[in-house]
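> Since chain A is already given, all that's left is putting chain B on it; use the hints.
Chains A and B are the protein sequences, given in the same order. The working numbering numbers the first residue of the first sequence as 1 and each following residue consecutively. The working numbering numbers the first residue of the second sequence as 461 and each following residue consecutively.
No lab work stands behind these hints, which were simulated from the structure alone. Worth double-checking, as some hints may not be accurate.
[Claimed, not checked] Simulated pairs of lysine to aspartate or glutamate, EDC-like, Cα-Cα distance not exceeding 20 angstroms:
id, chain 1, residue 1, chain 2, residue 2
1, B, Lys680, B, Glu691
2, B, Lys601, A, Glu148
3, A, Lys178, B, Asp857
4, B, Lys638, A, Glu379
5, A, Lys178, B, Asp858
6, A, Lys100, A, Glu159
7, B, Lys648, A, Asp53
8, B, Lys479, A, Glu307
9, B, Lys601, A, Asp149
10, B, Lys638, A, Glu382
11, A, Lys188, B, Asp555
12, B, Lys560, A, Glu411
13, A, Lys141, B, Glu608
14, B, Lys765, A, Glu29
15, A, Lys305, B, Glu489
16, B, Lys638, A, Asp398
17, B, Lys648, A, Glu159
18, B, Lys638, A, Asp397
19, B, Lys764, A, Glu29
20, A, Lys141, B, Glu653
Being a predicted model, the structure only gives us computed values, none of them experimental.
Protein chains: 2
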Amino acid sequence: MASVSAHPDVMEKLVSLAKRRGFVFQSSEIYGGTGSVWDYGPLGVELKKNVKDRWWHAMVRARDDIEGLDAAILMHPRVWEASGHVATFTDPLVDCTNCKRRFRADDPAIKGTPGTPDAQCPVCGSKGTLSEPRMFNLMFKTFMGPVEDSAAVVYLRPETAQGIYVNFLNVQQSTRQKVPFGIAQIGKAFRNEITPGNFIFRTREFEQMEMQFFVDPEAKAPAKTDMEWFEYWKEQRMRWHLALGLRPERLQFHQHEKEELAHYARAAFDVQFDFGGSLGFQEIEGVHHRGDFDLSRHQQYSNKKLEYFDQPNNRRFVPYVVETSAGADRTTLAVLVNAYREEEVPGESEGRTVLGLSPALAPIKAGVFPLVKKDGMPEMAERVANDLRRAFTVFYDDGGAIGRRYRRQDEVGTPFGVTIDGQSTQDGTVTVRDRDTLQQVRVAADQLRGYIAERIGQPE
Amino acid sequence: MASVSAHPDVMEKLVSLAKRRGFVFQSSEIYGGTGSVWDYGPLGVELKKNVKDRWWHAMVRARDDIEGLDAAILMHPRVWEASGHVATFTDPLVDCTNCKRRFRADDPAIKGTPGTPDAQCPVCGSKGTLSEPRMFNLMFKTFMGPVEDSAAVVYLRPETAQGIYVNFLNVQQSTRQKVPFGIAQIGKAFRNEITPGNFIFRTREFEQMEMQFFVDPEAKAPAKTDMEWFEYWKEQRMRWHLALGLRPERLQFHQHEKEELAHYARAAFDVQFDFGGSLGFQEIEGVHHRGDFDLSRHQQYSNKKLEYFDQPNNRRFVPYVVETSAGADRTTLAVLVNAYREEEVPGESEGRTVLGLSPALAPIKAGVFPLVKKDGMPEMAERVANDLRRAFTVFYDDGGAIGRRYRRQDEVGTPFGVTIDGQSTQDGTVTVRDRDTLQQVRVAADQLRGYIAERIGQPE
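The following block holds chain A by itself, in its conformation from the complex:
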């Protein structure tokens, strides 16, 4: 899939901005970092929470045919036998018998075919020391209870979906939902990736936003068929990403070809985003028609029926599943890459860096600035900030030239800059600067909360 993008590679600049301004820090940085694990700082946690809350609202709260769930990370180990993860969730690795290092078998640095006398270790340079590829499971293993033996092995879930499948009947029966309906979940998952990378794009600890939609395999018009539901969800999910503000030219569908499809899958499309540079278009969400594979496997491994009872037709069946599986971290990264721009400012010698985040996603909705630290301006500015803070995230800044304070907020995507100046203390108005157009309007301080609420599209 890799193809050089027409968009520039801004990743390095973004990583630097993310650390400097508190979006994302390297985990355990003072100890030299933890391999490809990241912490969300004050602005990052707000941005990611806004992304997740929008998903939750669109997928759960605003619909009557999807129920929420929050299943645990630690599940019964048989779950991963049923799902196929114990047997097949593996990567081929080779060992160097000389330097004891381990590599992915398809590492391009390896010269020759591992397991043959010609193969050369890419680190120590020994020839003929690379083992034949062995399969390595990507699940993190731990032990529950006081004894570290095989009976105590549990795994950190490598995906949230299985928590939904095993709870299918619990949810259906407690909510009295009728097929077709869905179950949605946001939560952490863990994969012991050998080659993580690209900042928060591929990490060992990550967060998923998954929805499994259960449909009648035999549904006929006027009801939607399974393939019609698949098309519906494909379009819905693309629309959701567009509504985040991701630019249409940076989004595309990628259809899985026959050879890419899992044996049970009936159709699969990825939503891809163009991250720019050599990373290019990459998956941020998958929409998969999984047939009845998952529920059938859990029936088989648990010896419990996972059938839906269709009362009007007095008929039992195992539903088909259409899955939408988005990465919360990847989507957050896409939002950042999409928003990053450097530009010249008319009439000014210095340019500026802007995160053109949609106001609804911006971690800070308004910066509040007293023009100078005297003449009652700080007092009024604090009153304004406190009033706004009842409804929005606000950053109060009284340090440095006003132009510099605007720039600091531009760089983190704050859509509105509210300045309290000499006129403000006279007539009770403030100026509101728009991050993108740079235009300023005067608004009465007591109307400000409503004014910003309307422009953000958020309740006061």
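Just chain B now, with coordinates in the frame of chain A:
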């Protein structure tokens, strides 16, 4: 601490209601369950999210002196050496050399002193077969990367607090906060408890809501001193629990006595809630003055300075920390126990079960019911439900007698029941039934969203 409560034990009824109505399911139930791990169902995930969102709003968004953070679960292993968890986060266990079972050394079922010839195994009954107590670490251990050796060992964090300490300077510098200020985080933590139990009260996987407040050890009036901040947070946190609707008589402070205090701690109080029955008053939050222990230890183990630079006074110091550490699951359980009641209904033969949740916490804000399935009532009811759903969680129910539908919503804490009856289709009004007073008022359908918003105290 255990003392029998004056409040009845409702836990068993609550566990049953929680499963039946979709608050909490046993994890991996179809596989026989996972030891003391639970999944939140459709209503539970909403209730817990409401608890967490209120905490986040009160502790982060509504304040200018606390920053949010979302640090990873997997941290560098040295973190847990610095924190003391590797050395001391342990439970004493004994083994039976005959039946190979393992017990907590203080298990009351053990007869005699383990390690002596008199001790008798509580399961197989052998005498003299119990080993001397050995310390067992409560952290879940896993391996990062492809090799399962000691160099690859990492732990699932047993608390979120350390993610805050190691990011202290990253957060302070990126936000330009000045001491005193705090860092807040919500996230999962894991403890390999030997004796978990009491439903979601003590589990191996749980969620914390922690805030670490950094203060100047030498602060003097008019600034608040460290002990004054400690008192401030103690009161603030109690107020927050009261604002959830927890009844004052079920809440108390428990002061840690000298012998309960960690050696570095300067003061510690727990907020306790009375769960009723034999469980009685138990900790749901801790407010601890931790001195400079944590930051100093991380300085020592990482060889990185974690000092704050006090610019006006040209002085560097390691701040003191006042910690507030609440359990999201425990608080959710407290909210459920507090809300559960069974009562008679005047003029009716059958009583009812009610969750008297505060409207802001209730997972469903309104039930919408067409009185009968004809005469245009279902169509109007669906319009009403769709309108409300833009702002609130709504449950639409057209099944069974109206009294039964009210009862179903009472049992899950829905504060408002909206019925569309014969008059509704004539004059555009609906009835709104109050869960607690059972009183009904007629409200114009087009005013309904505003009416409920106001009574919930939530924006439309």
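> Now, for every hint given, state plainly whether the structure supports it.
Against the structure, the hints:
{"no.": "1", "hint": "B:Lys680 - B:Glu691", "result": "holds, 15 angstroms"}
{"no.": "2", "hint": "B:Lys601 - A:Glu148", "result": "holds, 10 angstroms"}
{"no.": "3", "hint": "A:Lys178 - B:Asp857", "result": "holds, 13 angstroms"}
{"no.": "4", "hint": "B:Lys638 - A:Glu379", "result": "holds, 19 angstroms"}
{"no.": "5", "hint": "A:Lys178 - B:Asp858", "result": "holds, 13 angstroms"}
{"no.": "6", "hint": "A:Lys100 - A:Glu159", "result": "violated, 31 angstroms"}
{"no.": "7", "hint": "B:Lys648 - A:Asp53", "result": "holds, 18 angstroms"}
{"no.": "8", "hint": "B:Lys479 - A:Glu307", "result": "holds, 19 angstroms"}
{"no.": "9", "hint": "B:Lys601 - A:Asp149", "result": "holds, 13 angstroms"}
{"no.": "10", "hint": "B:Lys638 - A:Glu382", "result": "holds, 17 angstroms"}
{"no.": "11", "hint": "A:Lys188 - B:Asp555", "result": "violated, 35 angstroms"}
{"no.": "12", "hint": "B:Lys560 - A:Glu411", "result": "violated, 62 angstroms"}
{"no.": "13", "hint": "A:Lys141 - B:Glu608", "result": "holds, 10 angstroms"}
{"no.": "14", "hint": "B:Lys765 - A:Glu29", "result": "holds, 13 angstroms"}
{"no.": "15", "hint": "A:Lys305 - B:Glu489", "result": "holds, 13 angstroms"}
{"no.": "16", "hint": "B:Lys638 - A:Asp398", "result": "holds, 13 angstroms"}
{"no.": "17", "hint": "B:Lys648 - A:Glu159", "result": "holds, 16 angstroms"}
{"no.": "18", "hint": "B:Lys638 - A:Asp397", "result": "holds, 13 angstroms"}
{"no.": "19", "hint": "B:Lys764 - A:Glu29", "result": "holds, 10 angstroms"}
{"no.": "20", "hint": "A:Lys141 - B:Glu653", "result": "holds, 18 angstroms"}
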